[in-house]
Amino acid sequence: MLPLITLEEHYLSSAVLAAQEASGTPDPFSGFPEQISRKLKSLDDERIKDMDDGNISLQILSHGPMNHASPELCQQINDELAAAISQTSPV
1 MLPLITLEEH
11 YLSSAVLAAQ
21 EASGTPDPFS
31 GFPEQISRKL
41 KSLDDERIKD
51 MDDGNISLQI
61 LSHGPMNHAS
71 PELCQQINDE
81 LAAAISQTSP
91 V
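So the sequence shown is numbered by the working numbering: it starts at 1 and just counts up by one.
Since the hints were made in silico from the structure, they are not lab data.
It should be emphasised that the depicted structure is a prediction, and the values quoted were computed from it without experimental measurement.
Incorrect hints may appear among the rest.
[Stated by the list, open to error] Restricting the straight-line Cα-Cα distance to at most 25 Å, the calculated cross-link-like pairs of lysine to any residue (SDA-like) are:
#1 K49 <-> E72
#2 K49 <-> E21
#3 K49 <-> S62
#4 K49 <-> S70
#5 K49 <-> L17
[Claimed, not checked] Restraint-style ranges between C-beta atoms, simulated for each label pair:
#6 S57 <-> S23: 33 to 41 Å
#7 G54 <-> Q87: 17 to 25 Å
#8 N78 <-> A22: 15 to 23 Å
#9 A22 <-> K49: 13 to 21 Å
#10 P28 <-> I60: 20 to 28 Å
#11 E9 <-> P33: 13 to 21 Å
#12 D53 <-> T25: 33 to 41 Å
#13 H63 <-> P33: 29 to 37 Å
Every residue, glycine too, gets a C-beta built ideally from N, C-alpha and C.
Work out the full structure: start from the sequences and follow the hints.
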């Protein structure tokens with residue numbers, strides 16, 4: 001079977017959520033059902049299981065909408081992703 005690659009799979013960074021809360025910015029995802037919010041925040045075994053269940057070999061992640069992010073916040077987001085990838089990568 002050919003590998004299946006999905007594009008623009010959304011996720012929510014804990015760094016962004018913390019920055020929004022600290023600044024008093026309303027959470028644009030607060031109306032989402034809990035199950036959806038949990039899956040958007042998942043960069044661990046739950047996401048990997050969903051990928052396996054869907055025969056997905058690779059996901060191209062895209063952060064959900066957010067207000068203007070500082071370069072420092074973007075670095076935190078990238079660091080968070082790198083840490084998650086290093087913990088779940090089969091390589």
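These are the hints, each one checked on the structure:
1. K49 <-> E72: It is violated: about 31 Å lies between the C-alpha atoms, which goes past 25 Å.
2. K49 <-> E21: violated, 30 Å
3. K49 <-> S62: Distance ~19 Å between K49 and S62 Cα, so the pair holds.
4. K49 <-> S70: violated, 32 Å
5. K49 <-> L17: The hint holds at about 24 Å.
6. S57 <-> S23: 33 to 41 Å: With Cβ atoms ~38 Å apart, the hint holds.
7. G54 <-> Q87: 17 to 25 Å: Holds, at about 21 Å.
8. N78 <-> A22: 15 to 23 Å: Taking Cβ atoms as reference, N78 and A22 lie about 19 Å apart, which means the hint holds.
9. A22 <-> K49: 13 to 21 Å: violated, 32 Å
10. P28 <-> I60: 20 to 28 Å: holds, 22 Å
11. E9 <-> P33: 13 to 21 Å: holds, 18 Å
12. D53 <-> T25: 33 to 41 Å: holds, 34 Å
13. H63 <-> P33: 29 to 37 Å: violated, 20 Å
The structure is inconsistent with the numbered hints 1, 2, 4, 9 and 13, although it conforms to all the rest.
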